[in-house]
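Chains A and B, in that order, are what the protein sequence lines are.
The first sequence maps to residues 1 to 373 in the working numbering.
The second sequence maps to residues 1 to 373 in the working numbering.
Calculated from the structure, these hints are not laboratory results.
Wrong hints could be hidden among the right ones.
One copy or any two copies: either way a pair holds, since identical chains are not told apart in the list.
Okay, derived cross-link-like pairs now, DSS-like style, lysine-lysine, Cα gap no bigger than 27 angstroms in a straight line [as the list claims (entries may be wrong)]: (1) 130 x 175; (2) 7 x 113; (3) 371 x 358; (4) 113 x 290; (5) 85 x 9.
Number of protein chains: 2
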Amino acid sequence: MFKIEKKDKNTEARTGIFETAHGPVKTPVFMPVGTKGTVKAIRPEDLYSFGSNIILGNLYHLYLQPGIDIIEAAGGIHSFMNWGKSILTDSGGFQVFSLGKIRKIIDEGVQFKSIIDGSVHLFTPENVVKMQSRMGSDIAMVLDECIPFNQDYDYTKDAALRTIKWAELSLIERKAGDIRSDMKIFGIIQGGFIKDLRSYSAEVISGMDFDGTAIGGLSVGEERGRTFEMLDHTIQNVDRRKPLYFMGLGDPVGILEAIGSGIDMFDCVMPTRISRNGSAFTPLGRINLKNKKYTRDFEPIDKTCDCYACRNYSAAYLKHLIKSREIFASMLLTIHNLNFIFKLVDASRDAIAAGNFKQFKKDFLNNYKIKGV
Amino acid sequence: MFKIEKKDKNTEARTGIFETAHGPVKTPVFMPVGTKGTVKAIRPEDLYSFGSNIILGNLYHLYLQPGIDIIEAAGGIHSFMNWGKSILTDSGGFQVFSLGKIRKIIDEGVQFKSIIDGSVHLFTPENVVKMQSRMGSDIAMVLDECIPFNQDYDYTKDAALRTIKWAELSLIERKAGDIRSDMKIFGIIQGGFIKDLRSYSAEVISGMDFDGTAIGGLSVGEERGRTFEMLDHTIQNVDRRKPLYFMGLGDPVGILEAIGSGIDMFDCVMPTRISRNGSAFTPLGRINLKNKKYTRDFEPIDKTCDCYACRNYSAAYLKHLIKSREIFASMLLTIHNLNFIFKLVDASRDAIAAGNFKQFKKDFLNNYKIKGV
């Protein structure tokens, strides 16, 4: 499934390509999040224009609304949402475990109440794979138990072992059940912030018969130093021949760090969410357009940017739209911020291919203020 | 300014063309409303694709946010909002008079408190023309007093006479003040629902040195029969050589009635507003996509429609987006509903040119259920 094309000499970074039922995907790759069957406030054609070949969907949300039956009857998720390229679906484990009191772990899986109507539902390792197959997903994620930051050893171990057991059940379901043969399945490494549990999970999960390996349970509220310490530790124990996916990471600095650590795939709601809150990425750092200094700034938010928003609109206009709570503000900033992330990842890929990723990363970080401009 | 091209034999309908500093506009014409410097949830390029050559802006809203100074410093409203074709700006009279207790009519004009910060402002016949000129408007509207439905004779008369007096002051300002010579100015007929006040206002306003005549104070909550009774009465008393603009009308049935009565221009927030509430125009009537029957309707909302939304998405998908409160629902329905209105007006223009508008209107109304499908 995955072909590594170029390895960086100075870091763990690499370029590669993998193939799904909906075409090739070059790595490293950022996957925009389309939780409910739409990447918020943007058209597919705009995503294609950035070179976006894979987006995320979320089983948990789509299961509750509109329901898997509807998506299946529509001819699958691609047809339903008019997306012609690859779709990776998250199993919903992360969402279900975030529900707190209204979910309960039982032997078979996790039981939860619908936030829409209070009805009771059960996700199992088997049925989440099956439902992702029925939806038409290109890459399915297994059901995992994602725990909050800094839990104790016993709880962290229980969750990691349960995730491994569920991973095994997912693979049995793939062999025995009625699962589409053209759907890839990725296992998920857990183990919290405890190194031996991380190493063990990494070895076991990445050694299983999955098409790719995901790293879950990081970027859950910890300091950035901890994130990358655990990431580097985890990566030492995975099968590096498979694509490696860091779940829930998507800020510019984090992306460069993760690529340097050997990550091939990442996703995050952040670039689209900050767009709806009036923030924008620039080469100098993230800016908040609500700031008074943009009131009379008739230049584009980023003079080096070639996106639709920067070609046509000023910072002052965007600020006005945000203050007026206009939908068009979200539309324009979503285009700008996703375009920024895609250009950054494209440039990283080029730098790896050219053998100068380390310098590229250093130059970017020299200009980019992490705390915002 | 205005050239009438073809008059219908059976109705008052006509086709024509007028020219502004930003190019020609064919009439009859629907003007999408871009109150705060953006037609909500749609890009200019999509409006161009429907053949939209003129949109509305609103002085009252733009004066409060971002302020006329900012728009002027941006190089004018066209440059600020990246709209290359004509812009008609409403004076804000309608909005100010809707403010109720926080506005007061004084000799010079109307005083009001900002809904943003409570500060006190004064709109006069002179300064609204001047501010529209500074903004770069192609067609400015005079300050008028728009009263609620069914007021008594004395109040209605006072408002109509004040509107006439203000109209005169606007024209004096045009001659004496620092007003752009390439900006057109339209007078506004008031007179409530009292026929002799309507006739008088119509004669006086349309006889004054304005570039066009607007009919205000209708479509303010009355029954449709009353609207068109007053419209037909008013039209008998206007100078028919000038373009005639019905303010605040934009539903499909109303548009056809108004065109048949001789109206050349109309605007309304309705087509864009219903788009954000999950409703869509179809040839059979208006539909509400929240309705259960669309849950499994995998056809486009209008099979005869060639818009971006109907070419690519099903009613079921739109229903899902609306239930999920996704911005993309508003984006898609705004495209569909504006496209519907533009096609209807284009077809009306063609029918007038071909001499069969009456039959065209009859055929449309035979299919279109006013109360919705």
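Hints, one by one, checked against the model:
Taking the shortest Cα distances, residue 130 and residue 175 sit within 27 angstroms of each other inside one copy (11 angstroms), while across copies they are farther apart (76 angstroms). For the identical chains of this complex, residue 7 and residue 113 are neighbours neither inside a copy (46 angstroms) nor across copies (65 angstroms), given an alpha-carbon limit of 27 angstroms. For the identical chains of this complex, residue 371 and residue 358 are intra-copy neighbours only, at 22 angstroms inside a copy versus 65 angstroms across copies, given an alpha-carbon limit of 27 angstroms. Proximity of residue 113 to residue 290 under the C-alpha cut-off of 27 angstroms is restricted to the inter-copy arrangement: shortest distance 24 angstroms between copies versus 38 angstroms within a copy.
Neither within a single protomer nor between protomers do residue 85 and residue 9 lie at most 27 angstroms apart by alpha-carbon distance, with minima of 32 angstroms and 55 angstroms respectively.
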